[in-house]
Structure formats: C-alpha cells, structure tokens
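Participant: Chain residues, written in single-letter form:
There are 2 protein chains.
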Amino acid sequence: MKVAGFDIGGANTDLAIIDYENDEIKEIKTDFEFLPMWCENDRLGSALIELIEKICPVDEIDAVGISMTAELADAFETKTEGVLDIATTCEKLFECPVGYISLGNVLSLAELVQNPLEVAAANWVATSQIIAEIEKDCIFIDTGSTTTDIIPIKDGKECAKGRTDFERSATGELVYTGTLRTNLTSFVDSVPLKGKEYRVASELFASSADVYTVLGLISEDDYSCNTSDGAGKSKEESARRIARVLCADLDILSKEDILEIADYIHKAQVKQIADALKEVSDREGLDKVVVTGLGKDILCAEAAKSLGLEVKSMGDYYSDDECTVAPAIGTAMMMKNYLK
Amino acid sequence: MKVAGFDIGGANTDLAIIDYENDEIKEIKTDFEFLPMWCENDRLGSALIELIEKICPVDEIDAVGISMTAELADAFETKTEGVLDIATTCEKLFECPVGYISLGNVLSLAELVQNPLEVAAANWVATSQIIAEIEKDCIFIDTGSTTTDIIPIKDGKECAKGRTDFERSATGELVYTGTLRTNLTSFVDSVPLKGKEYRVASELFASSADVYTVLGLISEDDYSCNTSDGAGKSKEESARRIARVLCADLDILSKEDILEIADYIHKAQVKQIADALKEVSDREGLDKVVVTGLGKDILCAEAAKSLGLEVKSMGDYYSDDECTVAPAIGTAMMMKNYLK
Chain V
1 MKVAGFDIGG ANTDLAIIDY ENDEIKEIKT DFEFLPMWCE NDRLGSALIE LIEKICPVDE
61 IDAVGISMTA ELADAFETKT EGVLDIATTC EKLFECPVGY ISLGNVLSLA ELVQNPLEVA
121 AANWVATSQI IAEIEKDCIF IDTGSTTTDI IPIKDGKECA KGRTDFERSA TGELVYTGTL
181 RTNLTSFVDS VPLKGKEYRV ASELFASSAD VYTVLGLISE DDYSCNTSDG AGKSKEESAR
241 RIARVLCADL DILSKEDILE IADYIHKAQV KQIADALKEV SDREGLDKVV VTGLGKDILC
301 AEAAKSLGLE VKSMGDYYSD DECTVAPAIG TAMMMKNYLK
Chain H
341 MKVAGFDIGG ANTDLAIIDY ENDEIKEIKT DFEFLPMWCE NDRLGSALIE LIEKICPVDE
401 IDAVGISMTA ELADAFETKT EGVLDIATTC EKLFECPVGY ISLGNVLSLA ELVQNPLEVA
461 AANWVATSQI IAEIEKDCIF IDTGSTTTDI IPIKDGKECA KGRTDFERSA TGELVYTGTL
521 RTNLTSFVDS VPLKGKEYRV ASELFASSAD VYTVLGLISE DDYSCNTSDG AGKSKEESAR
581 RIARVLCADL DILSKEDILE IADYIHKAQV KQIADALKEV SDREGLDKVV VTGLGKDILC
641 AEAAKSLGLE VKSMGDYYSD DECTVAPAIG TAMMMKNYLK
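Residue numbers (our numbering), protein chains in the order written: chain V, 1 to 340; chain H, 341 to 680.
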C-alpha cells in the first residue's frame with residue numbers, strides 16, 4: 001500500500017510517498033519543488049501530479065494526505081479563502097481517498113469545510129508524529145527554508161500552547177526564520193566590522209541562503225529558492241548580495257570581510273531561534289531537543305547547544321532528504337493511520 | 341533660464357525645474373515617478389524625458405543636473421557599473437549641458453568617468469545646499485520613501501563624517517528606513533498586543549506606507565510605490581497586509597487591533613531614526629534640526645522632539661511638494677551655480 005503525503009507551503013511543496021507492507025514501512029521516497037504560492041498558486045494542481053509522477057505512477061497511490069501552510073500567502077485575502085482554494089484543488093486531482101491534517105485529527109473535505117481554519121498551518125502536528133517515536137518527552141525544532149517550529153512533546157503527544165500560527169508566534173513555538181528565504185534585515189539591524197557598526201539596508205538584497213552559501217554550509221542544490229537579484233547561486237554571487245545589505249559592493253568589501261559578516265549573521269540567526277527555544281524550554285520544563293529540517297545542524301542544533309540542552313537529530317534515524325521533508329512524511333503516516 | 345534637477349533613486353525618480361530670472365528663483369515646478377530601477381532601468385531615458393515634458397517642453401531647458409542613488413539597485417553588479425550606466429543614459433538624452441552632483445563639486449561626464457564612485461549616492465549633498473540657507477548650523481533629516489539622511493551642517497557647509505552610503509550607515513548619517521517602502525520586519529521584531537508579544541513574519545507582507553495609510557497620516561496619492569501583495573491602497577487593504585505580518589488576517593484581528601499595532605510600529609520607526617539622530621547630535625554638538633522629505637512631520641519631527649531638539653521644517657519655507665523632492669531642487673540649484 002502506497003500513501004502520499006504533501007506539505008504545501010507558501011514557497012515549497014514537499015512530497016513523501018511511503019510504501020507499506022503489512023503495516024510496516026518498506027520504503028520512503030521524497031521530493032520537493034519550489035512553488036511560490038503568492039504568484040503561482042494556479043499551478044498547484046499540475047505541480048502535485050508532476051511531483052508524484054517523478055517518483056511513482058499516480059494510479060499506484062492508495063491514499064493522499066495533505067498538510068498546508070500556504071493559506072497565509074498573500075494571493076489569498078483570508079486564511080479561510082486560502083484553505084478552501086487549496087483543498088478544492090487537491091480534492092479534484094485524486095480518485096483515491098484524500099485527507100487533511102488538522103490541529104486535531106485528519107479531516108475529510110466535508111469535515112474541513114465546516115471549519116477550514118482547523119487545517120491552516122497544521123503541518124507541525126504531522127512532524128510531531130515522527131519525532132514522538134524518536135523521543136517521547138522533548139522539544140522538536142524544525143527549521144525549513146522559511147520558518148522554524150519549536151514544539152513541546154510530552155508522553156508522546158505534542159502539547160503546543162499556541163494552536164494557530166498567530167498564537168504560536170507569541171508562545172515561542174513559531175519563529176518566522178529559515179535556512180534559505182529569510183531576509184537578513186528581518187533579524188539583523190546592524191553588523192559590526194573593524195570596530196564600526198554598520199546599519200543594514202532594508203531591501204531584500206540578500207537572504208539566509210546567501211549566508212550559508214558563502215560559509216559553505218549548504219550546497220547549490222540545497223539553495224532551492226530564487227535569488228533576490230535573479231543572479232546565480234555561486235559563492236561570489238551570494239557574497240555580492242550580502243555586500244549590498246551594507247550598502248556596499250565587492251569593490252568595497254573583501255572576501256574576508258564577507259566571511260566575517262556572514263559568520264556574525266549566522267550567529268544572530270542561531271540566537272533568534274535560541275531565544276524562542278529558551279522560552280519553550282523554560283515554560284515546559286523540557287531539556288531534550290530533537291532537531292530536523294534543512295537547518296537541523298547549522299541552526300537548530302547550534303541553538304540548542306547554546307542553551308546547554310541535550311540534542312538528538314532526526315538525521316540519526318532518517319536520511320537528510322527525509323529530514324528536509326519531515327512534515328510530508330508525518331502527513332503520509334497520519335493519513336495511513338486515518339485509513340484504519 | 342530654466343534648470344532641471346533630477347534625483348534618480350532606486351525606487352523613485354524626482355524632478356525639479358527651477359525658472360531663474362536675473363539669478364533669482366522665479367518659479368519651481370516639481371514632479372516624480374515610481375521607477376523601480378532593479379527591474380525597469382531600461383526605461384530610465386524615456387521616463388526622464390516624459391517627466392520633463394509633463395511640466396515644460398524639453399527644448400526650453402538650459403541645463404540638467406543629475407544626482408543619483410540608484411546605482412545600489414541590484415540590477416548592477418557594482419556601484420561603478422551602475423553610475424556609468426545611468427550617466428551615459430542621461431548624457432545621450434540632452435543637448436544642453438549636463439552635470440552630475442558629486443561628494444565635492446558638480447562633475448561633467450568626462451570628470452565622472454575618472455572616478456564614478458564620487459557621484460554615487462551624493463544626493464544629500466544637494467539637499468544640504470537648500471537647508472544651509474534655512475539654518476547655517478543644524479542637522480537636517482530628510483526621510484523619503486525609502487531612506488533617511490541625517491546630515492550635520494556647520495557654518496553653512498555639510499560636514500558629514502561618512503561620505504559613501506557604506507560609511508554613512510556606520511556614522512548615523514544614513515538610516516535605511518522610509519515613509520513608504522520599508523519592510524516592517526526590518527525594524528520591528530515583535531509587536532505587543534493584549535499582553536502578549538507576537539513575533540513578526542519575515543516576508544514582505546506589508547510596508548511602512550500601509551502603517552501610515554491606516555493611521556491616516558498619508559493619502560492614497562502619497563502612496564506612490566507598489567503594494568506588497570499587488571492589491572489596492574485603501575485603509576482596509578493596508579490593514580489586511582499588516583495583519584499578515586502577525587501571521588493573522590482580518591478575521592482574527594479587529595480594526596482596533598490593527599490601529600494599535602500600527603501605532604506601535606510608527607513609534608518603533610520614530611525611535612529607529614531618533615537613535616541615529618542622537619548619535620549625530622551628540623557627536624557634532626548640534627541641537628537644531630531642519631526636517632524635510634515626505635516623512636518630515638510623521639517621522640523626522642517626531643524623532644527630533646523625542647530628543648528635545650529644536651525643530652524647523654523646510655515646509656515653513658517651501659511647499660510640501662517641494663519638500664518631497666528636496667534633493668532634486670538642490671541638484672538644480674547646484675547645477676545653476678556650476679554654470680556660472
């Protein structure tokens with residue numbers, strides 16, 4: 001039996017297909033695509049089919065689970081409008097059963113339309129399913145391309161104090177910062193260099209992917225989003241974008257300057273995550289952390305270590321590709337259980 | 341004699357045409373256009389001609405002065421490339437003399453090519469010409485759509501410690517924050533509401549123009565840049581964009597909530613400017629301020645008052661339209677003097 005799980009984000013859509021044999025996982029296949037929902041949401045239906053077909057013929061799929069965060073994209077006036085638009089697109093695509101991850105259980109479309117907001121931004125619920133199997137009492141930190149979920153788990157069940165994105169942004173359980181797409185000026189006000197403090201330019205001149213590119217912490221393949229200036233993804237092109245954030249260019253700043261700046265920005269983003277993690281850890285009395293997502297090593301683990309917390313990685317149990325699409329895997333698992 | 345002054349910014353191009361009679365200013369006419377140089381720099385030449393023709397037949401113009409900041413736009417790999425590209429476009433357009441505002445004097449194209457960086461981001465030098473006539477010893481603050489210049493003037497001469505944008509971002513003399521285009525997440529990390537502290541979403545979901553629209557401090561005409569979601573510029577549409585910054589929508593947040601959030605963000609931007617102003621004021625021992633630009637009342641004057649500094653406004657001597665394009669007027673004045 002093959003179950004597909006989609007995690008439809010604002011910028012990336014992730015897919016996991018789990019092949020079960022006698023209720024045991026035989027194989028997990030994953031893929032993802034950069035699909036900016038604020039401008040290309042019309043392409044969602046065809047993109048989902050293409051993603052599946054790259055891995056497996058779509059008529060071999062027995063069930064499809066959907067989790068989403070893309071309803072916040074500014075193509076939609078309200079989250080409700082976004083959820084209904086995305087869900088109706090998905091429903092039309094598949095002949096097999098389709099279910100939607102909610103803040104409680106998996107919902108059918110008929111149940112979803114009663115309360116669309118229940119499925120808004122619930123993908124972290126799916127991730128908690130996988131993490132709870134690794135550690136029954138912990139906080140998991142999942143830093144993706146754009147956002148970071150910091151979710152407490154007790155006795156194998158997620159117990160986030162905030163439920164919606166709005167609520168979680170006040171409880172430390174959602175930090176809108178990520179490994180690739182984050183505008184550097186959102187978490188850095190100024191950068192120290194040679195004894196001076198340079199205020200940053202509040203444009204989208206560079207994003208976090210540029211910082212981790214020049215530091216050699218991600219590959220060009222990892223850099224799956226667009227660049228802010230439309231140029232390439234090499235170290236030099238990333239360095240040029242970072243220079244612009246200080247109203248400078250590569251005539252003014254040397255390679256060593258850029259590395260020093262990038263290192264400072266990296267530490268600032270780790271601290272941003274650590275501040276929220278501390279809030280959750282202190283409140284919940286949890287001191288074990290399980291890290292996942294593309295930023296599991298360069299951001300999550302660094303943040304946890306800076307607070308002296310014990311760190312486990314989903315990477316010790318799953319492949320890097322699987323960690324990157326953790327919510328999609330969790331979504332497929334929840335869909336499988338829903339079918340029982 | 342008619343002299344045109346252009347201030348070619350990254351986002352806006354401003355024009356002032358000064359009609360002189362016996363070396364006295366008879367009339368000033370102004371206009372501006374939103375011209376995003378990061379994607380429409382090919383349109384610069386035709387835009388400059390159209391702007392002039394809206395006010396005055398181009399063959400009546402006796403000289404053209406150019407100041408620029410657009411060379412930082414990420415359509416250009418380096419500032420040098422940007423300056424040369426813009427200057428050669430300008431030079432081809434006009435048969436009358438053309439001069440370029442530099443950090444020192446006005447330069448001809450032949451002089452400019454010797455050291456293109458001398459004309460990069462020198463428009464504040466032009467503004468200082470006008471302000472020095474209002475107050476010989478002061479700090480002027482010019483908050484435009486995108487950036488804020490904070491420039492000390494002593495004995496009628498600007499004496500900024502930093503010369504380039506890069507240097508000025510470390511001396512308090514350039515704060516990359518403005519009345520319209522500034523991403524709210526660049527200067528706000530979290531927003532308090534009903535006893536909770538909400539972290540912001542690091543997208544470009546809303547800009548400063550949305551805040552001043554909902555607060556009724558700017559008109560729809562003032563809102564001359566694009567909206568972040570491509571929707572309209574009404575109060576409700578601006579409110580919707582601001583809600584998204586808290587991962588919320590107008591189902592979740594009331595009109596009163598949005599006003600409270602906007603008021604907080606307004607104060608945060610005033611403080612951002614006040615911090616830099618204090619740095620310059622303390623260092624230079626100047627306690628008089630002359631404010632100008634679109635944000636002269638809602639941002640500059642508020643920042644100066646918060647520090648107990650004495651405030652004069654360019655608006656007491658010039659019209660609001662003239663204040664909005666102050667660097668363009670200064671550019672025309674410097675070009676006139678250069679011809680002597």
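Quick caveat, the hints were computed from the structure, so don't treat them as lab data. Please read all numbers here as calculations on a predicted model, not as lab measurements. Treat the hints loosely; a few may be bogus.
[Unchecked claim] Dumping the calculated EDC-like pairs for lysine to aspartate or glutamate here, alpha-carbon to alpha-carbon at most 16 Å:
no.: 1; chain 1: V; residue 1: Lys196; chain 2: H; residue 2: Asp529
no.: 2; chain 1: V; residue 1: Lys271; chain 2: H; residue 2: Asp529
no.: 3; chain 1: H; residue 1: Lys611; chain 2: V; residue 2: Asp189
no.: 4; chain 1: H; residue 1: Lys501; chain 2: V; residue 2: Glu236
no.: 5; chain 1: V; residue 1: Lys255; chain 2: V; residue 2: Glu236
[Claimed, not checked] If you want the ones that stay clear, here's a sample from chain H, every Cβ over 12 Å from chain V, calculated:
no.: 6; residue: Asn445
no.: 7; residue: Gly496
no.: 8; residue: Ser509
no.: 9; residue: Glu513
no.: 10; residue: Lys536
no.: 11; residue: Asp561
no.: 12; residue: Leu590
no.: 13; residue: Ile592
no.: 14; residue: Leu599
The C-beta atom is built at its ideal place from N, Cα and C for all residues, glycine as well.
Participant: With reference to the structure, classify each hint as holding or not holding.
Facilitator: Right, here's what the structure says about each hint:
1. V:Lys196 with H:Asp529: 23 Å, violated
2. V:Lys271 with H:Asp529: Roughly 13 Å between the alpha carbons, so the hint for lysine 271 of chain V and aspartate 529 of chain H holds.
3. H:Lys611 with V:Asp189: Holds. Lysine 611 of chain H to aspartate 189 of chain V sits at ~13 Å (cutoff 16 Å).
4. H:Lys501 with V:Glu236: 31 Å, violated
5. V:Lys255 with V:Glu236: Satisfied, since the Cα-Cα distance of roughly 9 Å is no more than 16 Å.
6. Asn445: 23 Å, holds
7. Gly496: 27 Å, holds
8. Ser509: The claim is violated: serine 509 of chain H sits with its nearest Cβ about 5 Å from chain V, within 12 Å.
9. Glu513: Violated, since 10 Å does not exceed 12 Å.
10. Lys536: Contrary to the label, lysine 536 of chain H does not stay out of reach of chain V, its closest Cβ about 4 Å off (not over 12 Å).
11. Asp561: 24 Å, holds
12. Leu590: 7 Å, violated
13. Ile592: Non-interface label on isoleucine 592 of chain H violated, nearest chain V Cβ at 6 Å vs cutoff 12 Å.
14. Leu599: Fine: 18 Å to the nearest Cβ keeps leucine 599 of chain H off the interface.
Checked against the numbered hints given earlier, the structure breaks hints 1, 4, 8, 9, 10, 12, 13 and satisfies all the rest.
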